[in-house]
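Colleague: Chains Z and X, in that order, give the protein sequences.
Per the numbering used here, residue 1 is the first one in the first sequence, and the count goes up by one each step.
Per the numbering used here, residue 173 is the first one in the second sequence, and the count goes up by one each step.
Treat the hints with care, since some could be wrong.
Some but not every residue of chain Z turned toward chain X, in silico, with C-beta under 10 angstroms [to be verified]:
(1) R4
(2) F11
(3) V15
(4) A17
(5) G24
(6) H34
(7) A35
(8) V121
(9) F124
(10) L128
Only part of the chain X face toward chain Z is listed, based on derived beta-carbon distances under 10 angstroms [as the list claims (entries may be wrong)]:
(11) A296
(12) K301
(13) N360
(14) R362
(15) I364
(16) R417
(17) D419
Worth flagging that the hints you see were computed from the coordinates, not collected in a lab.
All values reported here derive from a predicted model rather than from experimental measurement.
All residues carry an ideal CB built from backbone N, CA and C; glycine is no exception.
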Amino acid sequence: MTSRHQRDQEFSDFVVARRSRLVGAAYLLCGDRHAAEDLVQTVLAKLYAAWPRIHTSGAEDAYVRKIMVRTNIDASRRMWRRELISDELPDQVVPGPELDGRDELISALAELGPRQRRVVVLRFFLDLSVEEVAADLRVSPGTVKSQTARALDHLRRRLTDRRLDELTKERT
Amino acid sequence: MNEQDLRERMEASLGAELGRIHVDPEPDLARGRKRLRRQRAISGIAAGAAIAVVAAAGIHFLPHSANEGAATAAQEEADPAAVRAKNGLDLARTSTQLTAVLRKHVDAKGAYTDAKPQWEIVGATDSGKPGGIGELTVTQNWTQDGGAGLLWVSVAHKEHALDRTKWCGPDYTEDLLRFSCDELVTPNGRPILGGTAESVKSSKGEEHSLAESATPPAKKAGHRERALHLLWQTAGGGKFVRYERPDGQVVIVAVLRVNTLKRVADGLPEGVGTPDVTQEQLIAAATDPALSLPN
């Protein structure tokens, strides 16, 4: 098998095994299916380009995770810088009409600021430790803990409020 | 809802939202090959990467890099985690040190920043020497009257810093926030650049003054117009200083705008002021010998 064939085969095996999971994580990060698909495509293209180095050290999952988060951060940072004048600023909690009809938890996640959403996805969807999340996001462990607490608090409150709203509607 | 519930609900929600995902690796292979070809093609311009890294670090009011591709490649090369693993840099300790020094000068009582070191690295390069940091840019959240802002500190060795002339050069006006660029003097008589936000561009390229004399919005103005006006009128945008230390290191300290749009969105009272930091405080921080990178 030639080196290129070998790379292609190994990469394809990785994509088959992991792509669905990656799209899931990206969807939770972006809150939008198209953006999630774009993000995964970008991440996998970067992985292919770096494959020999990454595969040799067995670091595919860590690399993909890191690149996914960095790419997502870069996207939101560009938005902050280049689309400053917008009603959709980072970290504001404004439920939009597009959230209607969506899964309750997905909608609640979409209402989180990008930092808190990243922390939640890395901690609870990808099962990373506080220290691993801190390293991936390049923030202090204290930041991870506080962002996690705030995010969980928001999720609990939103989900409870929605449930109460639904029950109230049903009874009136 | 405990943490395990959250995990299970995420899995269930994704199943409901995305359904079964068909996986075909061929398109990903094609995109990967294309990226690899492009990467090899631009490897020849890697020599210019050091400068691009500083621009790519994302200082909001820096001129954009002229070569987007080179900047992206350089940014990937500058992944601090990779740099740390390779050269044993201690970015975390240095970041904590820089933000602590900054807080001492601009928020000694901890009124606007968290006492715990909660920073985020937004740019880092190695110096080329084992364990050496070439440039490090760190932000910390600034909270004031319910609005959100950022404290910004960037320290770079001379060869890793953006040239002084580029700060106030023609490209300076390309970014969204436009700052004045004034020649100031430190208490010790050394030159220092400083500026305050003067105007901000909308996504349509329209420039709006940040002066407080901006015309108030009409009573019938919509939510967005009122929010934009609040931004012009009260956000202040922020201020910065850029100081070249006697040892050659370049320090940039800034406090960026307090986010009034969030206040509007959250239905809070209007009237958030400019970040409560004086230019003298920024100068004191920038000239503090402790605000430096280890040699």
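Colleague: Hint by hint, note whether the structure agrees.
Modeller: Now for the hints, and whether the structure bears them out:
no. : hint : result
1   : R4   : holds, 9 angstroms
2   : F11  : holds, 7 angstroms
3   : V15  : holds, 4 angstroms
4   : A17  : holds, 9 angstroms
5   : G24  : holds, 5 angstroms
6   : H34  : violated, 12 angstroms
7   : A35  : violated, 13 angstroms
8   : V121 : holds, 8 angstroms
9   : F124 : holds, 5 angstroms
10  : L128 : violated, 12 angstroms
11  : A296 : holds, 8 angstroms
12  : K301 : violated, 22 angstroms
13  : N360 : violated, 33 angstroms
14  : R362 : violated, 31 angstroms
15  : I364 : violated, 25 angstroms
16  : R417 : violated, 25 angstroms
17  : D419 : violated, 26 angstroms
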